[in-house]
Amino acid sequence: MTATPAAPARISATVSLRGVVKRFPGLTALDGVSLDLAPGEFVALLGPSGCGKTTALRVLAGLEAADEGSILIDGDDVIGTPTNKRDIGMVFQSYSLFPHLTTIENVEFGLRMRRVPAADRRSRAAEALELVGLDHHAGRYAHQLSGGQQQRVALARALVTRPRVLLLDEPLSALDAKVRVQLRDEIRRIQTELGITTLFVTHDQEEALAVADRVAVMRDGRIEQIGSPEELYARPASAFVADFVGLSNRMPGCVVDDVVLIAGQPLPLLDPDSASGDVHALVRPEDVELVDAHEAGAHAGRVLTTSFLGAFRRTRILLDGGAEIIVQHAAGAACHPGDRVHVRLTGRPVAVAPR
Amino acid sequence: MTGMPGAGVPVPSRGARWAILGVVGGAFAVPLVAMLEFTLRRGLEGGYDVSRWVAVLTGSLGPEYRVLGTAIGNSLVLAAATIVIVLVLLVPTMIVVHLRLPRLRRVLEFVCLLPISIPAIVLVVGLAPVYGVIARAAGSGVWSLAFAYGILVLPFAYRAVQSNLDAIDVATLTEAARSLGASWPVVIGRVLLPNLRPGLLAGAFISVAVVLGEFTIASLLNRQNLQTALVIVQKDDPFIAVIVALLALLLALALLLVIGRLGRIRPGRTS
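Residue numbers (the UniProt record's numbering), protein chains in the order written: chain Z, 1 to 355; chain U, 1 to 271.
Be a bit skeptical, because a hint or two may be false.
[Unchecked claim] Coverage of chain Z stretches by chain U, computed from C-beta distances (three or more under 8 Å per stretch; other residues unrestricted):
1) 90 to 96
2) 103 to 115
3) 155 to 163
[Said to hold, decoys possible] Quick list of the computed label-pair ranges, beta carbon to beta carbon:
4) Z/GLY147 - U/PRO102: 21 to 31 Å
5) U/ARG197 - Z/PRO39: 36 to 46 Å
6) U/LEU193 - Z/PHE24: 23 to 33 Å
7) U/ARG197 - Z/GLU231: 49 to 59 Å
Read the hints as simulated data drawn from the structure, not as lab findings. Treat the numbers as computed from the prediction; the structure is a model and nothing was measured. All residues carry an ideal CB built from backbone N, CA and C; glycine is no exception.
If we strip away everything but chain U, and leave its shape as in the complex, we get (with noise of 0.2 Å):
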């Protein structure tokens, strides 16, 4: 370890920074290889080919994969729906309470942050009865878990938006786009939201991300996803599934390299 000079924290040298880079990279990358290297083999004839990865990127495979495309249809669509009660529910009710209840603050972080430390196996236990009244109220459709996973999601849109609220002014935004005559929807829509951008984006994007990965609620609560049709794809063939599954992993880092994106661009500039 060095000190950089003039600086009041000491950094790691380029060698540590390296070494620190490859330790942590190596134990990501041992086991996505070895999936990758799984994919490609032959089976027991040995040697490798990149048949069933053709296979899969040209929608080529047979009716008994079908399951996979409805799951990641669900998947989507549920993706879609957590993102909207993510935004609908959860935003508006951080900028009430940044601006005119900031006593509640606390409370809120606390009910956002709780579901982060309940095991999903635990919510479904309390979830199963919530569910049996919903599915005789509005039908047992896909979409319908997106309640749950809204709550599921809560924890990481909660601190995305939450850093962005702390990051701006918001109260004197507020009262200065007020002075200038707007009213409260303008004030949210054309001065608040654009300044939220990259919290929101945050947001929507981890949501994705926690969403194409859950499978417990789904599984319990008897409902496809793409996990669930992983585990059942897999029963057949274990090559195609562990395929959708790095794809399903290539999406949420590319979704988390548009977040580390999105937040170093401001108006006018990139950083």
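Bound conformation, chain Z alone (with noise of 0.2 Å):
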């Protein structure tokens, strides 16, 4: 695994894991989970905490043993190679920068396990540290740079060695906000400018919307969808991927003949061999409109709570008939706890599952 400076980057390797079974004592974290990440694709492992999406991450990494399944980079199985053989980059929720090394002796950290000789390395690092724009500090340590100086000194490490994969678990959990954000961004610039192949962990369906080619969501140890953010957004194969990817309101609805009927209203439907007879009908906030008492299929409710987003207002209602329904409205309709408002569904296709 020595390269030397005259080495091509090795970017944009498959990856298949194939069948991968993980068990802890009392827990299967990994259930037979199958993904193919074609070379320089980005995708995201999105789903809820103990859902297994690191775990996978690091059966992928090498950092658990996988217990059945096989996982191939580039054609090869590495199921029995070790880590630090299996030619990654990885990139830690946790800040994992070595706190005795410099900025610019941590990304040459990887370097010098592949003996690579001194002037490259350096040169090859303060390239790196420029690439993700902290090429002036490189003479810092780790606890003098802040949480988004750190995550990016660790992007910079993690792809100075121009690795088959890279993988990212979880980098931007503990920044705040607004340098999420921007980091997310940067991420995805630098991995579109060298084409890595990249897995993605996280919890946030934002974040993996964002930047992911495709996004797999993950559920009890499987993968409950895989395909491109419009596609789960617009299509989401079951209950649990409408819900954890955007908002939906759950209402129930009873599919007859290719459309579902939610309260009287007949909708067509996003799949019509999803479900049938009686559903939960998965409507998204946009879908549902604010209109005045005396259009057709209006409902009567009361406002409960409305939150001002920016560009537009998300308002919870209270319906006569005791259900509960979320409305994304232009943030210039005026709307205030108690108020009495009317509702219509727009009449876009729906998602279902069964009851």
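Build the complex from these two chains, which are given one at a time in their own frames, with help from the hints.
Printed below as a string of structure tokens:
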């Protein structure tokens, strides 16, 4: 695994997890996970805490041993290969810079392990720091950097060895909101620039949808659905995915002749084969609108809460029938808790899940 | 006692702090000053001089005091051997338990702290037959006491290293180094040990202080170290024995000051 300075960048590898199972005492963390990453693809593993996403990443990195299944990187089965021989780059959730080394020494560490000559090592580390915009902090120690800067250095350190795969284990979760968004976009820019195959673990659906080419939603050790962000949002394969990816109103309905009837109003189905009979219709807040009382299909209700979110406002309404519904509407539409309002479904296709 | 504005925990006022320091410092200082005063006495003729201190510090004592030189050499060898035993056995064990066997941490802690609750005389009773075997197998050199001293210093060394282990994210640093291509020896040598340096040095210096002050085990196992030699010298010349005891205390104090200083040093910065 010794790379020479002249070695070409070994990026854009394929990655395949095939039927990977990982058990801990009393828990199956991964229950037959299969996932393929195309060369240069950015895939996000998304799911709630304990769904197995970090375990999947750690198994791929070799930090945990898989009990069953195979892991292929560029067609090579790496199941028996120790972490330090897998040629991966990894950025961790917690700050992982070596405290006794300066920024540039941290970035050089992986090159030192590969016995890259000192002069080349220094220039490549400087280039990597420049890539993340921290070349002027080369002589600083970790405690002299902010959280965002530390994660950028960790990213430079992971990339400088030109690994076959980049693994990101919730690298933004310890950062404040603004830095998160900046670094998220920066990660995507660098990944696109280098074309490195990347697996990104996050529990933040907004983060996953914003940066990934494809998103795999995990639940209880299994991949529930994998697809482009648009597919996941518009055509969730299950109620869980619809709930987890974006906000949904779960409303009782009945599928009849390729439409779902919700409170008597027929709505087209996103996927006509998804379910039949009594179902939960999953209606996005933007598919509900505030209307005047005399409009056809209007339901009366009372405003419970309303939140100003910049370009739009999200309002929770208690319908007269007892159900609650969330409406996303223009920020200008005045709405106060206690107001009487009327809502109507827009008629856009909806996803359904068996009741 | 006064409360500091904005702080949740009340702190003593400046006057109270000085009073506490005075009382505690006095309790320590009185016997030390008495020892110093004793070493400066001229004897029956009365008055004070520094002739004995000069003799000790210039090494111009008579041949009857050579035992002291031998004993100091023995104690230094024992201190070094004890540190090696602690570093070679205890530190890797603690790292392995911390990373791979966290369930055993309480067991290791219990075992390491046990010697502090066992009187040295009881330890000797248990160790005597063991040393019989050691003497037959490897001779009865003074260095062999280092095994017993390794047990004796375990509680102090354990605490020093464990507090350092708790202060750094060992698991993440290890995994980061592994993902960058480091082998296990490199992880330990280039990543963990440099970050455990304050704890290791503190453990080592505390071990030196304990070994230099140990008497019971050496005496009962018939080995000669600084403390047993002081008892012998004291019978002929109590003044010299007290001077050497004071010097040993000064060395221990210097070591503790170095430990305190090391605990505050961070790479690239002192706080």
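Going down the list of hints, with the structure as the test:
Check on the region 90 to 96 of chain Z: 5 of its residues sit with their Cβ under 8 Å from a Cβ of chain U, so the three-residue criterion for coverage holds. Figure legend: the region 103 to 115 of chain Z, annotated as covered by chain U; annotation consistent (4 residues with Cβ-Cβ distances under 8 Å, at least 3 required). For the region 155 to 163 of chain Z, the proposed coverage by chain U is satisfied: 3 residues have a C-beta within less than 8 Å of a C-beta in that chain, meeting the threshold of three. As the Cβ distance of Z/GLY147 to U/PRO102 is approximately 27 Å, the hint placing it in 21 to 31 Å holds.
Taken as a hint, the range 36 to 46 Å holds for the pair U/ARG197 and Z/PRO39, whose Cβ atoms sit roughly 43 Å apart. A hinted range of 23 to 33 Å holds for the C-beta pair U/LEU193 and Z/PHE24, which are about 30 Å apart. In this structure the supplied range 49 to 59 Å holds for U/ARG197 paired with Z/GLU231, their Cβ-Cβ distance being about 52 Å.
In the structure shown, no violation is registered for any of the earlier numbered hints.
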